[in-house]
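Asker: One-letter residues, chain by chain:
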Amino acid sequence: MNSFADSDSHLAEAGAYSTSVVIGGLPIGIQSSNRGFIAMLENRYAGFLDEPVAGGILLDVEVVASVSDSDGAEEDIQVRYADGRWHINRGDFRAQWDPASRRGFVRQAAYPYAIDTVMRIVHSLVLAERGGFLVHSASVVRNGRAFLFSGISGAGKTTISRLAPADATLLTDEISYVRRAGDIYEACGTPFAGDLGKPGENIAAPLAAFYLLVQGPHNHVASIAPAQAARRLLRNILFFADDAGLVEQMFRTACEFVSRVPVFELTFRPDTEVWNLIA
Amino acid sequence: MEAGVESRDRIACELVAESLRAGHDVQVRVAGSSMVPALWPGDALIVRAVSPVELSRGDLLLFARDGKLCTHRLIAELDDSGARRLITRGDTALKCDPPMSSDQILGSVVSVSRDGHEVPVLSSRRAKMLSFGIRHSAFLRRVILKVHALRRHSELLG
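Chains as they are written, first to last, in the numbering used here: chain E, 1 to 279; chain G, 280 to 437.
Pulled out of the complex, with its shape left as it was, chain E reads as follows (with noise of 0.2 Å):
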């Protein structure tokens, strides 16, 4: 695994082609001595590129053949925190984080999908400081109102967006960035797609409702108990750190967005009535 002392040797061939990916109104840059590999990103993150920010994260991206003998984005992902950095590695890619500099060093192939779930895990860290979170559910606001969409894969989430009525917008229909504005909360769109196949709009606003999908032969929305609420939003929220200081964060982050947020469990079947009982 590379060193950050290994990591500062490539940082001047690194940084000869770069691009930045706005989430959340949190800049990522990405300098990468591979053209095509920046290029890629930056079809990928098209609606959610800005000008590099000075001072912001950086990542710098080291592209090789490969990075181990299997593919291995099936293996469990391991985030923990050793000698002031963050270490994020799977079987396809090697990753460090250092959230006092804000710097970053990323090895992977030349395939998109390692530096997204870097790019995921580095935004839950940062949003777990500020009280927010990364959840599987899809987003859509509507009337200015952002609504949320949690369940498992299956639940529904891509469905319930491709109900929506034509006045909604979609945030994403895979995984929603939640962040905290004072005393409210708010959704933002993020690239990240699911069986949609297509990127959210890059906009925010304020969190109106949290719906736990389950689909049923009738349409049916019924409130849900705070505590049942915090404990099944714990479920979906995407978290992959080993340490117990975030641990406490999010659960306290969980119990205050249950006790600001109406949680409800929407039962559903596919046909576009439904959107009658959320907005």
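Honestly, the hints are just simulated from the structure, not real lab data. Note that this is a predicted model, so its numbers are computed, not measured. Just so it is clear, CB atoms sit at the ideal spot from N, CA and C, and this is done for glycine as well. Hints may contain errors.
As the list claims (entries may be wrong) - Output of the computed footprint for chain G on chain E, the stretches with three or more beta carbons under 8 Å from beta carbons of chain G:
1) 226 to 234
2) 241 to 251
3) 255 to 264
What the hints assert, rightly or not - Derived DEER-like restraints, expressed as beta-carbon distance ranges:
4) G/Lys-347 x E/Arg-35: 32 to 38 Å
5) E/Arg-145 x G/Lys-425: 44 to 50 Å
6) G/Lys-425 x E/Arg-80: 31 to 37 Å
7) G/Gly-302 x E/Ala-166: 46 to 52 Å
8) G/Val-389 x E/Arg-35: 56 to 62 Å
Please arrange chain G on chain E, whose structure you already have, making use of the hints.
Answerer: Coordinates of chain G only, in the frame set by chain E:
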């Protein structure tokens, strides 16, 4: 207190109680100073559900009070017209907590960790004397907590 924060604490209490009832150990973090020097702010406690018949004087018990989690020491048991009542008190508190029934107890502390290291729960004569001093002197409490915070800070900085 903000309404949301109060509600958040109640939700946390419910989740902790639910987990303990389901047979899981739960880690809680000490926030107050009512149990110094046995427990210090920042200590991590592992709490386990406990059967009422297993309770004994000196145990550190977790319970909910006014929507917040609280860990105090069991100091006495009373027979209230056939009903068993438990009396708890913070080691540095002047007054006992209101009597509780055993089903109000969420669990008992089984281990204490300080800065990542498991430590024994102090109940020595010296600790009792220190608790007594803190109980009767707000100034001593402030000084001891300040010294503890400074010591932790310097240890964290290495």
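Asker: State whether the coverage of the segment 226 to 234 of chain E by chain G holds or is violated, taking the criterion as 3 or more residues with Cβ-Cβ distances under 8 Å.
Answerer: Holds: 4 residues of the segment 226 to 234 of chain E have a Cβ under 8 Å from chain G.
Asker: Measuring from beta carbon to beta carbon, are G/Gly-302 and E/Ala-166 in 46 to 52 Å?
Answerer: holds, 50 Å
Asker: Does the beta carbon distance between G/Lys-347 and E/Arg-35 stay inside 32 to 38 Å, or does it fall outside?
Answerer: Because 57 Å falls outside the window, the suggested range is violated.
Asker: With a C-beta cutoff of 8 Å, work out whether three or more residues of the segment 241 to 251 of chain E approach chain G closely enough for the coverage to hold.
Answerer: holds (count 3)
Asker: Can you take a look at whether the segment 255 to 264 of chain E is actually covered by chain G? Rule is 3+ residues, C-beta closer than 8 Å.
Answerer: As far as the segment 255 to 264 of chain E goes, the hint holds, because 5 residues have Cβ atoms under 8 Å from chain G.
Asker: Is 31 to 37 Å right for how far apart the beta carbons of G/Lys-425 and E/Arg-80 are?
Answerer: holds, 33 Å
Asker: For G/Val-389 and E/Arg-35, compare the CB-CB distance with the range 56 to 62 Å and indicate the outcome.
Answerer: Since G/Val-389 and E/Arg-35 have Cβ atoms about 58 Å apart, the given range 56 to 62 Å holds.
Asker: Measuring from beta carbon to beta carbon, are E/Arg-145 and G/Lys-425 in 44 to 50 Å?
Answerer: Once the Cβ atoms are compared, 47 Å apart, the range 44 to 50 Å for G/Lys-425 and E/Arg-145 holds.
Checked against the numbered hints above, the structure breaks only hint 4 and satisfies the rest.
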